[in-house]
Amino acid sequence: MQFLRFLLLALLLLIPLPAFGYDVLVLQSLHEKGYEEAVNGFKRECRASMRRVVLSEYAEADVTRITREEHPKLIVAVGDRALALAQKQNSTPVLYMMALNPKPRRWSTGVSMLLDPSRYLSVFEALGTQKVGVVYDPSRSGAYLKRAQALAARTRVDLVLREVRAAKETPRMLQSLRGKVDALWMLPDATAVSPGATEAYFLFSQGERVPVVTFADVYLTMGGAVALTIDRFDIGRQLGEMAQSVLEGKPVEEIPPEHPRRAITKSNDGVVRQLKLSSVTGR
Amino acid sequence: MLFLIIAVSQARGDEELRSLELYNGDEAEIVSGSRSPRPASQTAENITVVTSEDILALNAHTLADILYAVAGVQVEMIRTPGASTNFKLQGANFNHVLVLIDNVPLNTLSENYPDIAAVPVQMIERVEIVKGAASSAWGNALGGVINVMTKSPDQERAIGGMASGSYGKRDTADLRGELSGTVDSFGYYLSGGKLRSDGLLANNGVDKDNFYGKLLYDLPNGGSLALTTWLSQGFNGMYQDGPVSTSQNTRYLISTLAASYQLTDHLRLEAAAVASETEGTLFRRTDLQGVSKTLTVALDESRVGGGFKLSWLDELQRVVAGVDYEHVAAQVSSSQIRADILNRDADRFGVYLSDTLTLGRFAVTPSARFDRTGSGGDHFSPSFGVTYALTDNSILRGYTATGYSLTSLNRSDSTEKVWTSQFGFESGDLPYLWVKGTLFRNDTWDVIAPTATGITKERQLKQGVELEAKTLPLYNTSLSVGYTFIGATLGVNGPVIKGVPKHTVNIGLRYQDPSHFRGELTGHYVDWNEARQGGRYSDVIWDLHLRKEMHYGEKVSLEPFVSVRNLLNGHQYVYRVYQNPGRWIELGVRCNF
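Residue numbers (this note's numbering), protein chains in the order written: chain G, 16 to 298; chain B, 64 to 656.
I should point out that these hints are in silico values taken from the structure, not numbers from a laboratory. Keep in mind the model is a prediction, meaning the values are calculated, not measured. One or more hints might be untrue.
Below, a list of computed lysine to any residue pairs in the SDA-like style, where the Cα atoms sit at most 20 Å apart [said to hold, decoys possible]:
#	chain 1	residue 1	chain 2	residue 2
1	G	Lys48	B	Gly223
2	G	Lys103	B	Met212
3	G	Lys118	B	Phe249
4	B	Lys618	B	Gly244
5	B	Lys372	B	Thr319
6	G	Lys265	B	Leu376
7	G	Lys118	B	Asp247
8	G	Lys103	B	Asn210
9	G	Lys118	B	Gln218
10	G	Lys103	B	Gly223
11	B	Lys356	B	Ser397
Build out the structure end to end from the sequences listed, making use of the hints.
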């Protein structure tokens, strides 16, 4: 008993001591090349001490317990599963990246995977296309399309929308756009762009001789004309700046979610030539 | 390789995989495989956490069913769901363990008895079980703390909920409903239920109702206000022994108003006001030669108080300091005695300080609390914890603390004391396996023991080992094992204490496939080391729980479930009058919307 009292007093008197805890808990869904790029970008920009927990290395992970025991100042969630788990606790603010379906929460903000719609509208303007067909699932992309329509109203681009609720509806909805559009805008919407329905976009493109503007390089080789893609390393840097401002005392709820600030434009020259489109690369 | 593939498919969400495919096509470079069932806990104390998912897997009705499956806990009577039960934690008697609901003690003031069977599980988000003295944080907690954390409002929707019902032998039924949602800054969580049974054993019927409500309001600048109310009331038959039968009526009401506010970047203030009331009547009926006689004991208790807690978190350390105050009052009367058995109140005051410093791979946590109990003297309870991270996922831990319990408000000399020491190892670095081992030594003194000539105070030494292991899923199935050995003696070299369980074994086999079919087989064995009370405990009790979740649209799901308890009709009881029921089956369905 005496010994305990002595030990306790001695330790309390030693305050403050240099400590080597960490500030940022990086919670990553799994090991994936794109996620690693984003985390590397984050590390480049945010110099805070951090611990990385890759969820796929564990069958179960109790994030509530980890945050309570290790009390990081900030959780950076990389991927949808990491974000969902991070949002189950409410003691530590959450910044997210590489999450396709972030749910709004008071204590979380981040950088989405969706480029601002105005970027795509500029591409359509540069291509000289006016009527642009879009197939989308309102529960996934409704809010994004709403903003896109508001922005399109200020340009010459007219969006022709088709809603789908299930992946199998996509080919039929694309058919309904026959003769009504002079470009297709392919969205990162898991209902509208499923493995089984991807081909239908490019068959439509060839049949109607209209370009498909897409969001990932992988679709250029399938017959897409232009891809406006995200830069994962730069998303990491962008989130790193956000994290830095949170660590310096800015409340998370005062930081609105952001679109990726950098976009990379690539085109399939064969398709561009075939469709006699003006080049948009190098923007 | 198959092992890894199975583990990976378990570990990542389908939705995330679709997102990756969307951007990368088939080229998604996923180099991954689960290598550990779970990360090692970095806390110095010996803590076990039970989540709401575990509770669902066990088809638990009350907190007693949850504790039944936890390594280091020995539940004495598993009988009709909702019927009162006793338990031990690392051999510490139930009246040495503090049970908290929303940080408010459930333990009665008169006997320090926590009625774990009165706590329904629907409102529970997680239960954290701290083994060994936790007086430096909580005061009256010699044997440990069982901290019940309740659910919070669903932040994703304005309204959502659940309705469920189950039915089994002897009209045993558990009906539950739940509503939860958030609108702007205002969130609510409401839960209600009814548990009833004609009794799986003689005079073991149950008829209990419960309600839990939580209203949450988010203040600007990172603060929140929470108002909670929990009510549990009803009847249960305790036992029948020849002409004698005992039953009870109880009513628990706990209300809290808690505020939390971030004062500066580093400093957070939490404040809470608490009111609780416990009422109960015990009926002891004797039927002899057609003449019936009933003795009643009535209980009426209250706690009113509150506390402040300040947390400072910076680059150097985490400091938590706080003050608790409560006014407690208890009255116990009997139909046989004209004067009250107990009629007393007290003002209780506690102040505590805890600091966590991380020094490289070491983390040290010195803590202390001073309590002025108003009835059982003043107590200073220090503790010291240290962890050393061997690797990112392996840890050595040590924890030593003194503590106390007030086993009754009735007697000034009812304070029992402990010095606990726990040394442990936890690792997720072994392939496919998570292991945890703890050596413990709980030295208690001033333990009140009834003897033929009155009451004596004993020194009891309980030493032992606790081992837990869990595997990664193989063919969608994971195995968990828990083993506890306790050697209990009077004094250091005295005789063995009967009734303190020597061996406890918990076995769990969990199956979970991608079609949302889940199964849980649990085995439970306790060697009570107690032959005097007519107990039989040579059998392992096996319980099987199966459920299948079926989704209808994004929000609605239907989940039929079945539980077969005591599958092999085994015997596992320490007292003859508290026998366990034979095999019985329960069917139910749960609807989430």
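For this session: Find the hints from earlier in the document that the structure breaks and name them by number, from lowest to highest.
Result: 1
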